[in-house]
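Here the protein sequences come in this chain order: G and B. Last residue of the first sequence: 113 in the numbering used here, with the numbers rising by one and none dropped. Last residue of the second sequence: 229 in the numbering used here, with the numbers rising by one and none dropped.
Keep in mind the hints are simulated off the structure, nothing from the lab. No incorrect hints appear here.
Chain G is faced by these chain B residues, among others (derived, beta-carbon under 7 Å):
(1) Ser-156
(2) Leu-157
(3) Ile-206
(4) Asp-216
(5) Phe-220
(6) Gly-221
(7) Pro-222
(8) Gly-223
All of these numbers come straight from a predicted model, not from anything done at the bench. All C-beta atoms in this analysis are idealised placements derived from N, C-alpha and C, irrespective of residue type, glycine included.
Each chain, letter by letter, is given below.
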Amino acid sequence: KNQVEQSPQSLIILEGKNCTLQCNYTVSPFSNLRWYKQDTGRGPVSLTIMTFSENTKSNGRYTATLDADTKQSSLHITASQLSDSASYICVVSAVVSDYKLSFGAGTTVTVRA
Amino acid sequence: GAVVSQHPSWVICKSGTSVKIECRSLDFQATTMFWYRQFPKQSLMLMATSNEGSKATYEQGVEKDKFLINHASLTLSTLTVTSAHPEDSSFYICSARVNRATDTQYFGPGTRLTVL
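Next up, chain G with everything else stripped away, as it sits in the complex:
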């Protein structure tokens, strides 16, 4: 069964600090990996997308990395802001006939002043 595991489940950081979220997956055959930000009570919003050949992708203060060999990805948040408080979801797409997405459970980030 294709799975996406995220860690930690939640974390609290002080405003201005950095943090890194982890994502391990077993989805195969791999198509791409996305990181989404989901604010409470809202739908997910895409942050980054990486294919097999991409190792890193940045979107402002968000930087995602991908190691397709070890099937690991990380999302690094630099100089966190209060507005970064949200759930961050790792989503992996498999190369199948209908491109099913596999969702991680998410990491809840709380940024405190």
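Given chain G, put chain B in place with the hints provided.
For chain B alone, kept in the frame of chain G given last:
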């Protein structure tokens, strides 16, 4: 571009009633729309895949007679929760995809359903 809307954003209903949730792609045509359910502190769980003009494909464990899905046009899909019960209370999110050649899904803002 690629905006997906949902209506209503939240709804409260009595047990036994039916609730309809709309999902619209505002600036593109979506041959496929997906319906997800999300319980607190859990990730999105795919309920069904809806292709325009055809019957929806439901995931295992999802009752098709309880969660009626209609995808009558390329910009609108509806999810009707029939005879809702408190355990149906959840956050329902739809997404839309342009065609089967891409896996990019654009998510709606979600609908919070509370069944009393």
